[in-house]
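**Student:** We have chain R; now place chains S, F, Z and V onto it with these hints.
Residue numbers (this note's numbering), protein chains in the order written: chain R, 292 to 572; chain S, 3 to 284; chain F, 330 to 480; chain Z, 20 to 356; chain V, 1043 to 1701.
Computed list of lysine to aspartate or glutamate pairs in DMTMM-like fashion (alpha-carbon distance at most 25 angstroms, straight line): (1) LYS1625/V <-> GLU301/Z; (2) LYS1390/V <-> ASP1419/V; (3) LYS227/Z <-> GLU571/R; (4) LYS1510/V <-> ASP1378/V; (5) LYS1654/V <-> GLU26/S; (6) LYS1654/V <-> ASP285/Z; (7) LYS221/Z <-> GLU301/Z; (8) LYS23/Z <-> GLU64/Z; (9) LYS333/R <-> GLU91/Z; (10) LYS1152/V <-> GLU459/F; (11) LYS163/S <-> ASP207/S; (12) LYS300/Z <-> GLU50/S; (13) LYS173/S <-> GLU48/Z; (14) LYS1685/V <-> GLU382/R; (15) LYS345/Z <-> GLU50/S; (16) LYS1685/V <-> GLU378/R; (17) LYS1128/V <-> GLU1613/V.
In short, the hints are calculated from the structure, not lab data.
These numbers come from a predicted model, not from an experiment.
Below, each chain spelled out in residue letters.
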Amino acid sequence: MAIDHECSCSKNPLVPTLCKVIDVKQETPDVQTYTIQTVDGKKPFSPLPGQLAMISLLGVGEAMFSITAQGDDYIQSSIKRTGLLTEAFHEMQPGQQIGVRGPYGNHFPIDDFKGKDILFIGGGIGIAPVRSLIRYCLEHREDFGHLDILYGARSMNDICFKEDCLENWPKAPDTNVYITTDVPSEGWDGHVGFVPSYIEEVGFKPENKKVALCGPPIMITLSSASLLKMGFKKEDVITTLELRMKCGIGKCGRCNIGSKFVCLDGPVFSLAELDELPDEK
Amino acid sequence: MALSEKDIELKIREEAKKALATGEVSCVIGWTTTRFPDKMKPFFAETEAECDELVWNKYCINGTAKYALDDRYPSKKFAIIARGCDSRAINRMLKDKQLLRENLYIIGVVCDGKENPICEECQHKNPLTYDVLIGEPVPEQIDEKRFAEVEAFEKLSPDEKYEYWAKQYDKCIHCYACRNACPACNCVECYADQYRTGWQGKASDRIQNQVYGLTRAFHVGDRCIECGECERVCPMGLPIMRQTRKMLKDINDLFGDYECGMPDDAMPVLGGYTLADPDEFM
Amino acid sequence: MSVKTNENWEPKILAFCCNWCTYTGADLAGLNRMKYPENVRVIRVPCSSRVNPQFILRAFQKGCDGVLVCGCHPGDCHYATGNYFTRRRFMLMQRLLEYNGIDPKRFQAKWISGSEAAKFRDTVTKVSAEIKALGPNTKFAEPHFTEGGDK
Amino acid sequence: MKFKKTDLNEVLKTLAREYTVFAPIVENEEKKFMPWAESKDVEMEGLNTIKPPKDVLFPNVEKMYRYKMGLEGFIEEIFPEDTKRILFGIRPCDMRSIDSMDKVFLTKEYVDSYYAKRRDDATIVAFGCTEAGRTCFCESMGLNPNDAPSADVMMNVSADGEDYVLEARTEKGEELVKKLEGLITDGGEAKKDTKCSLVINKAEDLDKKLAKMFEHPIWDKVTKGCIGCGTCTFVCPTCYCFDIDSENYGAEGCKYRCWDSCMFSDYTRLAGGANPRPTKKERLRNRYMHKLSYFNERYGETLCVGCGRCVEKCPAHLDISEFIEKASAAELGKEDK
Amino acid sequence: MARIGVFICHCGTNIAATVDVEAVAAAAREFPNVAFATTYKYMCSEPGQAMIKESIEDYNLDRIVIASCSPRMHELTFRKMLKGTKINPYMLEIANIREQCAWVHTDRAKATEKAIDHVKMAVAKVGKDKPLTTSTIPITKRALVIGGGIAGIQAALDIADAGFDVTIVEKEPSIGGHMVMLDKTFPTMDCSACISTPKMVDAGAHPNITLKTSCEVEKVEGYVGNFEVTIKEKAKYVNHDLCTGCGLCQTKCPTKVPSEFNQGIGTRPAIYIPFAQAVPSKPVIDPTCCLKLTKDKCGICEKVCPLQAINYKDETKYTTEKYGAIVVATGYELVDWAKMYPEYGGGKYADVITGLQFERLVNASGPTEGHIVRPSDGKEPKDVVIVKCVGSRDQNKGKSYCSRACCMYSAKHAHQILDKIPGSNVYIFYMDVRTPGKGYEEFYDNTRADGAQYIRGRVSKIFKEGDKLICKGEDTLLGKQVTVEADMVILATAMEPAANIADVAGKLGISIDSDRWVTEAHPKLRPVETQTGGVFLCGTCQGPKDIPDTVAQAGAAAAKVMALLNHDEMETSPMISSVDQTKCSGCGYCVEVCPYKAISLIQVPGRDGNRKVTKTVADVNSGLCQGCGCCAATCRTGCIDLKGYTNEQILKEVDALCQ
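Chain R with its partners taken away, still in its complex shape (with noise of 0.2 angstroms):
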């Protein structure tokens, strides 16, 4: 799956760009989104759907997120509350100046997604590295067949890109989307109910069918089951590995399961390359 990069960081791969925050959209209460602009006002590099950024916060610590979105002159990303460096990340804003280097890692397979339909799956943040590949898929619309877009999050207050889910994604041409939430919350009145147990009723077909598979680790293993339940082969379900990634070049030796880098030869893997990796993930 190693697709050549096209690198347009400084020729060190380690030394990040000096860039800077430029607008911090509250998605949830605990999910904030980033536009990110170099500090000459132009984009750091033009990421592929499903590449990470190394961003780091100078001082603080560095981590790879998902580039959820981009536009001419700038990269999104999408971070959630979890730890020390993700809190330090929510106390910024605008004009603060970060470090980022990248894109690391290949993508979500496109040449085998074109001319097919594509399911794309996203549980809570997850559904950031998913948004890439469908905004993809929006603007290629003509390559791609049907698309179906199901998301779940825990309750109403915590869809992100709501504007894009509830309003751009459902006019888009052919194309279904599904939102869930775990818990009923009022003023919501779609559908409530996990992820897996909505993929099986909704009924997807497996025929002429790729999936695009992110989330929590145990979300991503129920769903998988569900899937090939219904007949999806291992191949056609693509999901992300979010692990421990220091270098983000395949060097450190930090994030190798078995003989493979997962910030080189992944993120982005099919169900069937997992199964060939040892059980340490």
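**Tutor:** Just chains S, F, Z and V, lined up with the frame of chain R:
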């Protein structure tokens, strides 16, 4: 009559088989041969057959007690073949509440001194806690020059001392073998691995290693059982015992004679006080 | 930042002062407008037994030239038995530091009660004079980050 | 070409004028590679050094970039200054480990600029072993103790043991030998008959076999005695794992990388506290598998060069060569897929 | 990233005179995470605080550093100010640039550099502050008083009058303690029983007070506000609910043993009421000498009791009750002078008696109805010698301290003897006469005017010759030997704490000094409190004292208890230690070093790898922890840490100092 090495070895195997036969013991921790004749390695006999691979000779120098910490919540007992220093290591870990006596089945063996520099100064060849004892207890000899090395070193000038330690710690490769072999270093998660608090980074430079060496000396200073494992395992041959012995010498001078690893140990010195302690800070 | 040049060099001394006795004594010294040298920086701790010997090592490592730990006199610690532990810890730590080459004058501990303002001033004056005589501390001291090239 | 053994200091002095020469020097009762100077006593023969020469090219701690926080911060790369260096007198096993490190740092989509810079500035003079240590088993790993094919200059003791025979193999080697015009004379043939005392029989396709042995019971037996310290990784010439951390000084700070050991408990600890490799069994299995199988899949060669340092220095007297023999002999049960 | 506001105070010219405050503000703006730095004339003034609140809003600050006077002065003021804003009051650090900088230095440049360093350290520390909230613990609104002497009774009455439920635990069958044994009290010579028995009756009858006589404290668990005390009630063999205290059984009981209440003068039956005015005035049976209980003979009291209140099968009962506060009032005892001073006859001579025995002799309700007679032959003594400081102020043979009350009660005894026995002579051997109270010196003068002869010197030997007791001593003023032939000798023996004080102190976790007196929290400023929260003390258990001081202390202790029990909950300081139980290895060294025994090892469910196990970890009781941090410095892994002074914060301060 004193048992020969061969007799002790046979007795050890017999006791090991008996222990495994009871069904309460998961494995017997002893020594076995390696490809090099003058080097034995720790061995975990789990079946009757494997007990025959247990050996006893003057090259059995690895400590066996600390392996009991690998599984702090064992379903079955650990049987440990304990020389004098191993039994003191067990006492140390029992006193630190890191091991439970009922999780251990201790096969005590009276030690006859091993190919290990520390063994000449050994004051406790007889195991102190055991369930079964192999060999008759031998008279113990008090080691007068226990602190001789430390006293000699104290006479140097501050610069000479610092020069000596700087040269030694320049060799340190930050591998933590001294910590992982020491029975007194039995924390669940060492302070040195907690980077968030900021005690120390992960980089290995001379000054940071020197500070680590001194901190570790202070942490185990009043708990050290002088088994010499830290010096034996150090790949670069640093004189680590010389630091902890200094602490023990001071404790002996200031607070009365003090030896760790005894069955009836009092609290470590830094965990208690008496009103009659000497005071220099008036 | 202690300027490591010739005689107008001023030592940088760190003092851990226990909140109930020595810190009060230092405030009292202030109230009485007593004068003492400027090179002592104070860290307030609830009790002298809060000071972990590793902080002393950290101070020398980061470039302090001297460390002073002050607390209540044994017996009238606000927390009853706090300073008995301080006493044991720092008597052993002082000897261990001396054993590793640090001059005992660089690390001192003193019992200073809330009313002994004069003793606080005298201690600070004596300590900073002694350390000024000893010169900058080069032992256990990491190079300052501006001079620190990579090895 | 060759030069008299007694002219060694002269040779080093001339080289030292233009290069920084790292030679095996005995100091402080320890033999290690350090910059040569007049007073230092070089010991070419004898056993290999404990610390491998890799920290000349891939230093223990390396500052990557300096930064300043706040509104008008900056990021400024700290690049190694370009000093020409010579790695003088390293053994074939260390040379081979440098080749492996070249594959890691210089290939596969990204080039590590720091390592590349140091590697380009370095000229390597390999020296054939005259005496094999009791734990050396490089021959069983497919190496020749007398010859390092990829060295810039190969140096051996001559047949009559009087002088050192040089053989330049690359332009850098040629350039270096040219600089020694006055001191070296032609001719002389090298003595290349050193043999390893420790010979182990390693299965040919051990890496493929190991790939199928992830759940094999051998792992429980072999890893029991390990005490989880980092000795084997820090003395191993081919271990290249590193960690990235930062150090703050007020508003400024620097990002550095430093050696790390996969044997440490926190190597794979995730933010939430979970750890895919919780006990030393998983960690030692990962280390042996990486050395003997994973590296093959990725770069096509075994990562263990048989230098024997970890066998000599392991506190628990574990032995990778014993493992290789046991694994080669083990038959695959049903549970191996 | 934190957004820190730095506010530097001029304090008029106090700081600004020596420290260039603008330079400090300029330097502060460069420190990491500092979003705003300014100076102001009087930061603690109303406008100053308003300015701070305003800047918090304008610059969206989340942490505050104030460089001003000592935190001991205004830390509380600024914390209260922050209560009104969105910032938690504990996200605040104060740099002391007045008392420890501006006022103590003259060189402006160096003082400014020091101020900058102090601000830099405060900024580094505040970066790692965590929002803390005070936690509260519920209070059981009941008090327990251990000891039924005048101290215990007075404390109990005051607390009960404040409306709180009180229990008095007294080991004797009746409350009253030593005071009720006395005849007269100095200096007013009013009758001791007349002033103490009404208090006892009030205590007995007070609706809020429960008397638990013949009881002892068995076990104390819990902490301030939530003590669980197990009380052991010794078998009384008399059902006090049925018994009306008519005393018939007492008269019929055949056995006679020496009466403890009367200090061994006179006897009492096996089933007895200790003294006439006893409260509760109901008898108990002494199992050691009752014929029925020892040899299963007699049983007369059961037969004569009109209400069948006697129950020979009675056993010790244990009851456990919850209390919010405990007052220790265990009182004193006289030292066993016979062992200390064999030269005074070692107890052989019946006419060498202690002060308390004399009190029983001269007491109208005593065994001799107030006639001062010699216990040996009942004759009225003519010449009486009083020896003072027997056991007190005597390093090598007795106690080192002065027992404080003996000078006055010896003068009282002399006065009573001269008053009751016309023509009698009283010789008082003294070292010093200490009269430290109101009216005390006048009382001493009157006694000498009555004819008491004070001889300055110690008595070296007392021996019997014929019918007389020969007291050999010296008169240091005249510088010559003195011999006095006396009919009776009264020894003013030293006071020492009650015998079981070590046991009681151990159960309460309070400390006692080398003379076994209970150690108060602070000798001058907290005399009625102990180091353990919720445990107070009063009376002679803390040291020798006379009745006025005892009663004063009892009132003070009661006031402290009322202050504690007045609230439904007690606010605990948030600056206490807390344990990261995932890293704790349960070695228990923090438990050993905690002065307040606030840490205990508990079993918690935990994970080892992927197995569920129960781990032993340390746990801090927020009620008891006073935040000294000794445990944080003892813990090798650093997993018990003191909030407000965490390891991380102090390390950052040390680093900041040297950058």
